[in-house]
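J.: Here the structure of chain H is known, so what remains is to put chain P in place on it, guided by the hints.
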Amino acid sequence: MAKKAKSKSSPKSKKKSSNVERLESAGVLVSEQFTDDDKNTVEKLSETEVTALINLRKKRGSAPEGKHHLRPNVFV
Amino acid sequence: MDPVTNSKHLRAKIRLAEPYLLGVSDQFWTHPQLAQMFPEFLFMMHSIIRSSVSLINAAAVSAQRRADSDPISRKLVSYYTTHALEETHHDEWLLEDIVAMGANRSDVLARLPSATIASLVGAQYYWALHVHPVSLFGYLAVLEGNPSSVKHLSKIRTKHGLPAEGMRTMVKHARLDPYHRDEIYAQLDELPLTENLSELVALSAFHTIEHIAQALQEILDFHRVEVSEEAIAQAV
Numbered sequence: 001m002a003k004k005a006k007s008k009s010s011p012k013s014k015k016k017s018s019n020v021e022r023l024e025s026a027g028v029l030v031s032e033q034f035t036d037d038d039k040n041t042v043e044k045l046s047e048t049e050v051t052a053l054i055n056l057r058k059k060r061g062s063a064p065e066g067k068h069h070l071r072p073n074v075f076v
Numbered sequence: 001m002d003p004v005t006n007s008k009h010l011r012a013k014i015r016l017a018e019p020y021l022l023g024v025s026d027q028f029w030t031h032p033q034l035a036q037m038f039p040e041f042l043f044m045m046h047s048i049i050r051s052s053v054s055l056i057n058a059a060a061v062s063a064q065r066r067a068d069s070d071p072i073s074r075k076l077v078s079y080y081t082t083h084a085l086e087e088t089h090h091d092e093w094l095l096e097d098i099v100a101m102g103a104n105r106s107d108v109l110a111r112l113p114s115a116t117i118a119s120l121v122g123a124q125y126y127w128a129l130h131v132h133p134v135s136l137f138g139y140l141a142v143l144e145g146n147p148s149s150v151k152h153l154s155k156i157r158t159k160h161g162l163p164a165e166g167m168r169t170m171v172k173h174a175r176l177d178p179y180h181r182d183e184i185y186a187q188l189d190e191l192p193l194t195e196n197l198s199e200l201v202a203l204s205a206f207h208t209i210e211h212i213a214q215a216l217q218e219i220l221d222f223h224r225v226e227v228s229e230e231a232i233a234q235a236v
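For the protein sequence lines, the chains are H and P, in the order given. Per the working numbering, the first sequence runs over residues 1 to 76. Per the working numbering, the second sequence runs over residues 1 to 236.
This is chain H alone, in the form it adopts within the complex (with noise of 0.2 Å):
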């Protein structure tokens, strides 16, 4: 079964970063532009879906984020 999201920090750190906090602090999402509904998906997200995010917008780097519109499909 996929495990939900731990965060990385040390057993005696008594709180533990949601998924939102840190998908929020990677510059994956802005909390504000989401919903409870949104934010409760968030939250069950799993630890290796979270690190992959993450890991793509470092991808990302400060490149702006692009407009939906412009992305014709790849298709298959």
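Pairs of lysine-lysine, DSSO-like flavour, derived with a Cα cap of 30 Å:
#1 Lys75(P) to Lys44(H)
#2 Lys59(H) to Lys8(P)
#3 Lys58(H) to Lys8(P)
#4 Lys44(H) to Lys8(P)
The set of hints was computed from the structure by calculation and includes no laboratory data.
T.: Relative to the frame of chain H, chain P by itself:
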């Protein structure tokens, strides 16, 4: 309240991952020298779709092998078998477009696809054969999940002076892919996905986003180097 379906989950995850691809894609489609890079883009697309029917059939075979003991695989067999038929000859259409733009057919087929494309497609074989064939939904949802309109393609063509014969397959897909996208998500919603398999589909989607973005970035980078070299050659 609407139930949170598999497709809604996947769309939400793709939205989180997609800005990287959208950023590179915007750079590509708004580039002032798009017309010069367009043949490379078509070659990149052909490198992908030449594998589509084999890949989907491999997922169908994997699903068939598991069907007796796995209800999800049982549902996938007919979907993949039908979808492979729907994608048949699309690589040939695109090859005809590339040839119509002046390329030599045998040169296109002999040219080596990039390692990025091999990684993009190769990972899908691995997941479909060795983990679970449902993984392919992540790949299909990214590739077919954002169909352009014919109007949008026409705008791009006019703005950048792209040849109409190079975009025939893109236009056909603009008409076909809305149906394919709806089929993918409808099929996904019928599957009793476990958390583990839902994660697998998401990882497949993220991997696809990453590698398509990388492939587009490589075309942009290669073009930048070519332009620099031409400038140096003219200056000397």
